[in-house]
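> Between the sequences and the hints, there should be enough to build the whole structure, so can you do that?
In terms of my numbering, the sequence shown has 102 at position 102, counting the first letter as 1, and numbering is strictly consecutive.
As a list, the in silico DSSO-like pairs of lysine-lysine whose alpha-carbon atoms are at most 27 Å apart:
id, residue 1, residue 2
1, K44, K109
2, K64, K44
3, K64, K109
4, K55, K24
5, K44, K54
6, K117, K130
7, K110, K64
8, K109, K120
9, K2, K49
10, K64, K2
11, K54, K24
12, K110, K55
13, K120, K64
14, K54, K2
15, K24, K44
16, K2, K44
17, K55, K120
18, K54, K117
19, K54, K110
20, K120, K54
21, K49, K130
22, K2, K24
23, K55, K9
24, K89, K110
25, K44, K89
26, K49, K117
27, K64, K117
28, K109, K55
29, K49, K64
30, K49, K9
31, K130, K120
32, K49, K110
33, K89, K49
34, K110, K130
What the hints contain is simulated information worked out from the structure, not anything from laboratory work.
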Amino acid sequence: GKFNSSDLKGSDFSHSDLMNCTFKGSNLDSCIFENVNLTDTFFKNANLKGITFKKCIYDRAQFKGSNLEGLVFDEETFNQTIFEGSTLKRASFRNATLHNVQFRMSDVKKVDFDGAKMDKLTYNFLIGSKADLSHVTIL
Numbered sequence: 001g002k003f004n005s006s007d008l009k010g011s012d013f014s015h016s017d018l019m020n021c022t023f024k025g026s027n028l029d030s031c032i033f034e035n036v037n038l039t040d041t042f043f044k045n046a047n048l049k050g051i052t053f054k055k056c057i058y059d060r061a062q063f064k065g066s067n068l069e070g071l072v073f074d075e076e077t078f079n080q081t082i083f084e085g086s087t088l089k090r091a092s093f094r095n096a097t098l099h100n101v102q103f104r105m106s107d108v109k110k111v112d113f114d115g116a117k118m119d120k121l122t123y124n125f126l127i128g129s130k131a132d133l134s135h136v137t138i139l
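Next up, the structure:
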């Protein structure tokens, strides 16, 4: 489905299958995404402020030019997920698992990766971007 330029503030998408959906220019402020399939879902220039993400599937999901400031992705698993040109200031990936995740043109210096597990490719990219990876495990 396409949710482009939609005001979805406060919506609850829990237990939804949003595979292949697009959210371009949408307002998702304070939405709930719990147990949601976000496989191949595309978020572009979306306001994701205050969103709750829990137990989602992020396979090949893309977050492009979106506001992810302060969001909590703790204990989530990401496979081939792309964060491009997105605001990630104070975002948390504590105890998350990251496989082949790309953070293109996104400032990751103040992102919390404590306890995260990641493959060497993701690790090398994040180290090159000056992320603090002092408490991560390489898979």
